[in-house]
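A.B. asks: Dock chain to chain to rebuild the complex, using the hints, since each chain is given by itself in its own frame.
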Amino acid sequence: MAYLTDRKRAMGMGAAKSGVHHFWAMKVSSVALVVLIPLFVFTFGPALGGTYAEVTAYFARPFPAIIAAATIWVSMMHFKGGVQTLIEDYVHGLAQKVLIIATICLSYALAATGVFAIARLAF
Amino acid sequence: MADVNRGKRPLSPHLQIYRPQLTSVTSILTRITGNALIVASFLIVWWFLAASTSESYFNLANAVLTSWFGDLVMLGSLWALWYHTLAGIRHLIWDNAIGLDIPTAEKLGWAVVGGSVVLTILTLLLI
Chain A
1 MAYLTDRKRA MGMGAAKSGV HHFWAMKVSS VALVVLIPLF VFTFGPALGG
51 TYAEVTAYFA RPFPAIIAAA TIWVSMMHFK GGVQTLIEDY VHGLAQKVLI
101 IATICLSYAL AATGVFAIAR LAF
Chain B
124 MADVNRGKRP LSPHLQIYRP QLTSVTSILT RITGNALIVA SFLIVWWFLA
174 ASTSESYFNL ANAVLTSWFG DLVMLGSLWA LWYHTLAGIR HLIWDNAIGL
224 DIPTAEKLGW AVVGGSVVLT ILTLLLI
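Protein sequence lines, in the order shown, are assigned to chains A and B.
For the first sequence, the residue numbers in our numbering are 1 to 123.
For the second sequence, the residue numbers in our numbering are 124 to 250.
It should be emphasised that the hints constitute simulated quantities derived from the structure, not laboratory data.
Keep in mind the model is a prediction, meaning the values are calculated, not measured.
Note that CB positions come from ideal geometry on N, CA and C, so glycine has one too.
Incorrect hints may have been included.
What the hints assert, rightly or not - Only some residues are given here: those of chain A computed to face chain B with a beta carbon under 8 Å:
| no. | residue |
| --- | --- |
| 1 | 31 |
| 2 | 37 |
| 3 | 41 |
| 4 | 56 |
| 5 | 75 |
| 6 | 79 |
| 7 | 82 |
| 8 | 121 |
Said to hold, decoys possible - Now the in silico label distances, taken between C-beta atoms and shown as ranges:
| no. | chain 1 | residue 1 | chain 2 | residue 2 | range |
| --- | --- | --- | --- | --- | --- |
| 9 | A | 52 | B | 137 | 51 to 61 Å |
| 10 | B | 159 | A | 23 | 18 to 28 Å |
| 11 | A | 12 | B | 234 | 36 to 46 Å |
| 12 | B | 159 | A | 46 | 22 to 32 Å |
| 13 | A | 6 | B | 245 | 45 to 55 Å |
| 14 | B | 249 | A | 6 | 47 to 57 Å |
| 15 | A | 95 | B | 128 | 30 to 40 Å |
| 16 | B | 135 | A | 6 | 30 to 40 Å |
| 17 | B | 199 | A | 54 | 17 to 27 Å |
| 18 | B | 143 | A | 54 | 44 to 54 Å |
Stated by the list, open to error - One-sided and incomplete, this derived list gives chain B residues near chain A with beta-carbon spacing under 8 Å:
| no. | residue |
| --- | --- |
| 19 | 174 |
| 20 | 181 |
| 21 | 182 |
| 22 | 188 |
| 23 | 211 |
Excised from the complex, chain B in its bound form (with noise of 0.2 Å):
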């Protein structure tokens, strides 16, 4: 008797339905960037191995990393890596059950998008 409304119960709010915010939309870019730095790890370990091979190999490996495309991959990782570097510092925060409150984690977030904007255009100024 309790499946009798089985597949016409309502359902919780999906993704597709939900209003972005900027606490969800930070906290799914936390993920997307942590996961997709495994392709400049990928690239920089390669770099790395090729180096400690030989010259020619080391060309190889260097003229990829240092192409356009190259170059395109490791900006955006660079960014990812402030972004999900500063996201992970607002976790290990709010892991202390402070700044969970709406407001404060709203301004986290805002701290956290242009903060990775500044660190990556600095980074870039200073290397």
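Isolated chain A, as found in the complex (with noise of 0.2 Å):
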């Protein structure tokens, strides 16, 4: 125990579980969002409402193309952190850990999903 330092012994005890790694990823991602989300607001915006052949040329091109990409997995994997505190605050037991694994497989899925979709509009 001598050789054990403060951080170690608290480590997965109580509160102190994974520590701020939960904390630090949601910040981690907010700050991408608050960058990310004006541009995509202002790139996906004016491309609703276009036809089959100016949304599928509009995001032929690099930059939309990116954002959209970027702005969908770091808002599902910000989602995936928030949707789980959300869960853990109202629901316990077993429908707590099955709510969060759902939501976590829905996360990635819907991820995936967009980035594969934009994928195949842009190549």
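C.D. replies: Structure follows, in structure tokens:
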């Protein structure tokens, strides 16, 4: 025990658990989204409502495609962390675990589908 | 003996007793807007998938997103997106232990509410 650091002894105990990893992941993704969201709103926004030819041509361009793919991926990872906190606050026991797993899977599924679709439009 | 008074102890105030305050309402709205944005995320990813699949599939998804109901969802989501973004910036400021006193926190709250409406109108005018 004498050789353990204070941090090592606290890890996994009580509220320490995984330390600040969750907070840090939310912080990094939120800073990224502060930049991505305005770019996405003003690239996706004008494209919405266009014809099939206009939309496919627009997202074949690198900038709108990269912004859309990055925004979908990062926002789904941000949602994954945010909805987990929501579930942890209101749902407990087995239902909590089931819902957290389901929403994590949903986040990755939407992120993968979005990035795949944009890649297909871009190439 | 410690449990003699079980069930009769005074409880801390619940949400239904507390008078709503700007700080609490803006906090709850941050959670609601953030999680509700999954609906628009679903629709937008579906729209992209349809566009990458075929013209007929795109026309279906596009018709749903640009219908009156789709417009209503997208308009609400646009406001929710700006609200959640501004509220997130407020949290990034708070993370530095800045602006946590009540007068500043309330000013930031009004800035988030007002700013989200202004940005929504501005976006509608620009796109």
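A.B. asks: Does the interface hint hold: is residue 82 (chain A) within less than 8 Å of chain B, judged Cβ to Cβ?
C.D. replies: Residue 82 (chain A) check passes; min Cβ-Cβ to chain B is 5 Å, inside 8 Å.
A.B. asks: Checking hints one by one. Is residue 37 (chain A) an interface residue toward chain B, by the C-beta closer than 8 Å rule?
C.D. replies: holds (5 Å)
A.B. asks: Taking 30 to 40 Å as the stated bounds, is the beta-carbon spacing between residue 95 (chain A) and residue 128 (chain B) within them?
C.D. replies: Taking Cβ atoms as reference, residue 95 (chain A) and residue 128 (chain B) lie about 31 Å apart, which means the hint holds.
A.B. asks: Mind checking the CB of residue 79 (chain A) against every CB in chain B and telling me if the closest is under 8 Å?
C.D. replies: holds (6 Å)
A.B. asks: With a cut-off of 8 Å on the beta carbons, see whether residue 211 (chain B) makes it to chain A.
C.D. replies: Given a least distance of 5 Å, the restraint on residue 211 (chain B) holds.
A.B. asks: For the hint on residue 188 (chain B), just tell me whether its beta-carbon gets within less than 8 Å of chain A.
C.D. replies: holds (7 Å)
A.B. asks: Taking the beta carbons of residue 135 (chain B) and residue 6 (chain A), is their distance inside 30 to 40 Å?
C.D. replies: holds (32 Å)
A.B. asks: Hint check: is the beta carbon of residue 121 (chain A) less than 8 Å from a beta carbon of chain B?
C.D. replies: holds (5 Å)
A.B. asks: If I claimed the Cβ atoms of residue 12 (chain A) and residue 234 (chain B) lie 36 to 46 Å apart, would that claim hold in this structure?
C.D. replies: holds (40 Å)
A.B. asks: Does the Cβ pair residue 249 (chain B), residue 6 (chain A) satisfy 47 to 57 Å?
C.D. replies: holds (53 Å)
A.B. asks: Could you check the hint for me, namely that residue 6 (chain A) and residue 245 (chain B) are 45 to 55 Å apart, CB to CB?
C.D. replies: holds (50 Å)
A.B. asks: Taking 18 to 28 Å as the hint, is the beta-carbon distance of residue 159 (chain B) and residue 23 (chain A) inside that range?
C.D. replies: holds (23 Å)
When the structure is compared with the earlier hints, no violation turns up for any of them.
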